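There are 2 protein chains.
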Amino acid sequence: MNYRHLFSSDVPSFMRSPVREIFRKVDLSAICSFAGGYPAAVTFPVEDLRSLPGLVLDKYGTKALQYGATQGVPELREAIAKRYNVPVSMVQITTSSQQGIDVCTRILVDPGDVILTTEPTYLGALQSFKAYRADVRPISSVRPPKPGEVCADAPAPKPHYKFIYVIPDFNNPSGETMSLAEREQIVALARELDIIIVEDSPYREIRYTGEDVPMIRELAPERTLHLGSFSKIFAPGFRLGWIIGPEELLEQIYICKQALDLCPPVFDQYMATEFLTSGALDANLVKTKAEYRRRRDLMVSLLDKYMPEGVKWTYPEGGLFLFLTLPEGVDTIEMYDEALSKGVAYVAGSFFYLDGSHRNTMRLNFSFVAEEKMEPGMKLLGEIVKKRIDGTKTL
Amino acid sequence: MNYRHLFSSDVPSFMRSPVREIFRKVDLSAICSFAGGYPAAVTFPVEDLRSLPGLVLDKYGTKALQYGATQGVPELREAIAKRYNVPVSMVQITTSSQQGIDVCTRILVDPGDVILTTEPTYLGALQSFKAYRADVRPISSVRPPKPGEVCADAPAPKPHYKFIYVIPDFNNPSGETMSLAEREQIVALARELDIIIVEDSPYREIRYTGEDVPMIRELAPERTLHLGSFSKIFAPGFRLGWIIGPEELLEQIYICKQALDLCPPVFDQYMATEFLTSGALDANLVKTKAEYRRRRDLMVSLLDKYMPEGVKWTYPEGGLFLFLTLPEGVDTIEMYDEALSKGVAYVAGSFFYLDGSHRNTMRLNFSFVAEEKMEPGMKLLGEIVKKRIDGTKTL
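Chains as they are written, first to last, in the working numbering: chain A, 1 to 395; chain B, 1 to 395.
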């Protein structure tokens with residue numbers, strides 16, 4: 001049977017994640033993988049999870065196993081509200097922060113509407129945006145006409161801007177953090193265009209050096225949908241996140257979510273509640289941050305040791321990634337099969353750019369790879385890069 | 001700030017669940033609620049859940065806490081494939097069977113496309129369909145022109161049919177089961193229109209009397225998306241369901257689901273895997289079915305005792321609901337506030353009809369209400385109904 005005539009018009013815009021496609025084809029455990037964005041398994045609170053389920057059953061009984069409120073269970077909403085100092089009415093629990101991205105897009109975007117994003121940016125967000133046939137553009141594409149500026153041609157129709165998407169803290173993939181001035185510029189642009197900001201913030205709690213910068217939500221609470229995640233501070237196997245935002249927007253998200261999945265996983269929400277309110281989350285976070293800091297330092301020292309001249313990288317103050325820029329002319333997509341066959345994986349940086357440019361960049365993840373594989377993997381990657389740079393020079 | 005200019009065109013079609021709105025406003029624990037569709041808490045395998053989490057941690061380690069495959073963890077897909085005798089490639093795990101409905105609609109329906117449904121039908125499905133601006137019509141609206149039939153007017157443009165939605169086993173809300181002949185008619189219609197059938201089957205495993213009828217999936221595997229759910233056979237607090245269907249359709253669902261929530265809850269999937277493969281699920285199901293059978297029998301006996309003449313009800317062989325038809329002229333929506341204020345809740349049957357007709361019907365749930373409340377609740381409901389019937393006669 002042929003199904004093509006039955007598919008919705010969104011389907012041709014569905015975009016496979018190149019990262020997930022790699023996972024599908026290759027046994028990553030057999031190689032050194034700097035690809036992916038998995039947290040380190042050692043950060044998972046396994047010991048807490050030995051007692052949490054029983055504690056939840058004792059304290060909440062069968063309520064923890066029943067359907068729950070679409071907005072999330074009140075206890076978890078209250079815990080999040082308290083942690084971020086906002087009213088409970090501004091908190092919606094989501095079934096993963098990926099669902100947060102999806103549902104924000106769903107309530108705001110029609111096909112052809114414009115979403116503005118910083119670059120490089122999160123692939124999973126681009127997948128959601130494209131799946132709704134949004135016209136995703138870099139922020140730099142907005143240049144409002146200056147007063148007195150002469151228009152040679154008839155003005156183009158004004159794009160239907162809907163929101164700006166940003167990952168201000170420890171960006172995926174770049175690892176970089178936006179300064180306060182940059183955040184204020186984002187807010188100014190959103191105000192000028194009278195649109196929303198979707199502040200995707202899954203790594204904010206994983207800062208291991210430097211000082212917190214105010215959240216965009218704090219600068220413009222009336223127009224920010226702030227997305228949080230339990231994946232890096234609890235465990236991604238529980239699909240739990242949250243949205244903090246204006247009640248009028250959350251109301252539409254609430255109605256939409258009824259049809260999406262009725263409610264977030266209830267048992268998991270109660271486990272997260274107990275993990276958070278008991279203080280175990282913060283205790284675990286101290287260990288998590290120390291682990292990631294150590295791993296970042298190790299990766300940076302290996303880059304120093306093995307990368308040839310002309311290669312640059314970001315220095316993240318938190319999160320799970322850093323971003324490499326190789327000399328112009330070295331193509332990380334062309335290089336990929338060689339790297340994989342020799343036993344090292346990364347994600348080509350051009351996937352994180354809307355126009356597929358920056359083909360001389362790559363994302364490296366330092367949280368998931370087994371530590372003993374990091375040095376041989378980086379040595380290998382350094383050699384492959386060096387060979388490519390030398391090849392470029394002889395051309 | 002005003003957000004209206006920013007909402008997508010889907011938003012005005014979002015439909016609140018009248019059932020969930022009742023839950024929001026009323027403390028149902030204080031009254032006798034035959035509303036809602038919650039499973040009985042006594043059917044939850046609490047004792048198994050004392051040991052399952054530890055068992056999962058021992059057996060699967062941190063894999064159970066990490067991100068998982070978008071299609072679902074292999075172990076659970078295999079267990080479902082084995083139970084339903086299909087290849088693993090035909091199984092997609094979903095984050096609730098509500099998500100199954102949503103994602104099937106997402107990949108198949110553009111605004112204005114026609115979804116055909118039997119009536120009365122599941123409200124949560126209507127919410128999903130309307131949220132994609134589908135044109136939802138009763139199956140009876142399809143009447144292909146007979147050969148030789150004369151068309152007086154110019155033929156209307158052919159509707160863009162996409163799928164037929166049915167709940168063949170113990171329908172929500174009616175509790176009724178489709179006969180084999182009726183299922184074959186559905187399949188014949190789908191073949192004639194060359195469209196898909198979405199077979200929503202959350203209650204199929206909860207049959208306590210009578211004989212199984214073949215699934216529509218078995219009659220037309222090439223064009224059926226069969227939706228299953230763990231909510232009534234494990235616990236709804238774990239948001240887990242599955243889709244069995246043709247690989248070409250599951251492939252699009254898989255790509256779409258990457259953007260929806262990356263993967264279903266992993267820890268919960270492993271608990272469901274162990275619960276299912278150990279035989280504990282089937283052992284628990286025996287108890288669940290005995291419990292629901294007893295509750296159905298109790299409700300039917302109370303209806304016999306307290307409902308005045310002229311009231312009819314369905315006799316479900318499985319599932320959680322039965323459906324009442326009162327004499328013409330008695331309006332269950334008008335009657336609702338009186339019932340609620342006196343302490344008994346139900347769901348008006350007209351919510352389950354596309355045109356809001358059948359205002360003399362109601363859905364009664366017998367799984368969730370505390371057993372000791374059933375008799376006083378039904379006595380009250382009988383009195384309210386009798387008063388209304390008498391009022392209709394005097395008009």
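In short, the hints are calculated from the structure, not lab data. Please read all numbers here as calculations on a predicted model, not as lab measurements. It is possible that some hints are incorrect.
Said to hold, decoys possible - Derived DEER-like restraints, expressed as beta-carbon distance ranges:
hint : chain 1 : residue 1 : chain 2 : residue 2 : range
1    : A       : D58       : B       : K379      : 43 to 53 Å
2    : A       : M1        : B       : P327      : 28 to 38 Å
3    : B       : P157      : A       : M1        : 52 to 62 Å
4    : B       : A181      : A       : M1        : 48 to 58 Å
5    : B       : E248      : A       : E338      : 29 to 39 Å
6    : A       : S140      : B       : S141      : 11 to 21 Å
7    : A       : A290      : B       : P221      : 51 to 61 Å
8    : B       : S357      : A       : H5        : 30 to 40 Å
9    : A       : D194      : B       : G54       : 24 to 34 Å
10   : B       : E192      : A       : R83       : 29 to 39 Å
As the list claims (entries may be wrong) - Below, simulated DSS-like cross-link-like pairs (lysine-lysine); rule was C-alpha separation at most 27 Å, straight line:
hint : chain 1 : residue 1 : chain 2 : residue 2
11   : B       : K158      : A       : K63
12   : A       : K59       : B       : K287
13   : B       : K379      : A       : K373
14   : A       : K63       : A       : K130
15   : A       : K305      : A       : K393
16   : A       : K130      : B       : K379
17   : B       : K379      : A       : K59
18   : A       : K393      : A       : K342
19   : B       : K82       : A       : K63
20   : B       : K130      : A       : K289
21   : A       : K82       : A       : K63
22   : A       : K289      : A       : K342
23   : B       : K393      : B       : K373
24   : B       : K342      : B       : K393
25   : B       : K386      : B       : K342
26   : A       : K312      : A       : K386
27   : A       : K287      : B       : K379
28   : A       : K373      : B       : K63
29   : B       : K82       : B       : K342
30   : B       : K379      : B       : K342
31   : A       : K393      : A       : K373
32   : A       : K63       : B       : K393
33   : A       : K386      : A       : K305
34   : A       : K287      : B       : K393
35   : A       : K312      : A       : K373
36   : A       : K289      : A       : K82
37   : B       : K130      : B       : K158
38   : B       : K373      : B       : K342
39   : B       : K63       : A       : K342
40   : A       : K63       : B       : K289
Even for Gly, the Cβ is constructed at its ideal location relative to N, Cα and C.
Now the hints, each set against the structure:
| no. | hint | result |
| --- | --- | --- |
| 1 | D58/A with K379/B: 43 to 53 Å | violated (37 Å) |
| 2 | M1/A with P327/B: 28 to 38 Å | violated (47 Å) |
| 3 | P157/B with M1/A: 52 to 62 Å | violated (24 Å) |
| 4 | A181/B with M1/A: 48 to 58 Å | violated (23 Å) |
| 5 | E248/B with E338/A: 29 to 39 Å | holds (34 Å) |
| 6 | S140/A with S141/B: 11 to 21 Å | violated (51 Å) |
| 7 | A290/A with P221/B: 51 to 61 Å | holds (53 Å) |
| 8 | S357/B with H5/A: 30 to 40 Å | holds (33 Å) |
| 9 | D194/A with G54/B: 24 to 34 Å | violated (53 Å) |
| 10 | E192/B with R83/A: 29 to 39 Å | violated (57 Å) |
| 11 | K158/B with K63/A | violated (49 Å) |
| 12 | K59/A with K287/B | holds (25 Å) |
| 13 | K379/B with K373/A | violated (72 Å) |
| 14 | K63/A with K130/A | violated (38 Å) |
| 15 | K305/A with K393/A | holds (22 Å) |
| 16 | K130/A with K379/B | violated (56 Å) |
| 17 | K379/B with K59/A | violated (35 Å) |
| 18 | K393/A with K342/A | holds (23 Å) |
| 19 | K82/B with K63/A | violated (31 Å) |
| 20 | K130/B with K289/A | violated (45 Å) |
| 21 | K82/A with K63/A | holds (23 Å) |
| 22 | K289/A with K342/A | violated (31 Å) |
| 23 | K393/B with K373/B | violated (30 Å) |
| 24 | K342/B with K393/B | holds (23 Å) |
| 25 | K386/B with K342/B | holds (15 Å) |
| 26 | K312/A with K386/A | holds (13 Å) |
| 27 | K287/A with K379/B | violated (60 Å) |
| 28 | K373/A with K63/B | holds (19 Å) |
| 29 | K82/B with K342/B | violated (49 Å) |
| 30 | K379/B with K342/B | holds (11 Å) |
| 31 | K393/A with K373/A | violated (30 Å) |
| 32 | K63/A with K393/B | violated (45 Å) |
| 33 | K386/A with K305/A | holds (13 Å) |
| 34 | K287/A with K393/B | violated (74 Å) |
| 35 | K312/A with K373/A | holds (22 Å) |
| 36 | K289/A with K82/A | holds (22 Å) |
| 37 | K130/B with K158/B | holds (20 Å) |
| 38 | K373/B with K342/B | holds (13 Å) |
| 39 | K63/B with K342/A | holds (26 Å) |
| 40 | K63/A with K289/B | holds (21 Å) |
Checked against the numbered hints given earlier, the structure breaks hints 1, 2, 3, 4, 6, 9, 10, 11, 13, 14, 16, 17, 19, 20, 22, 23, 27, 29, 31, 32 and 34 and satisfies all the rest.
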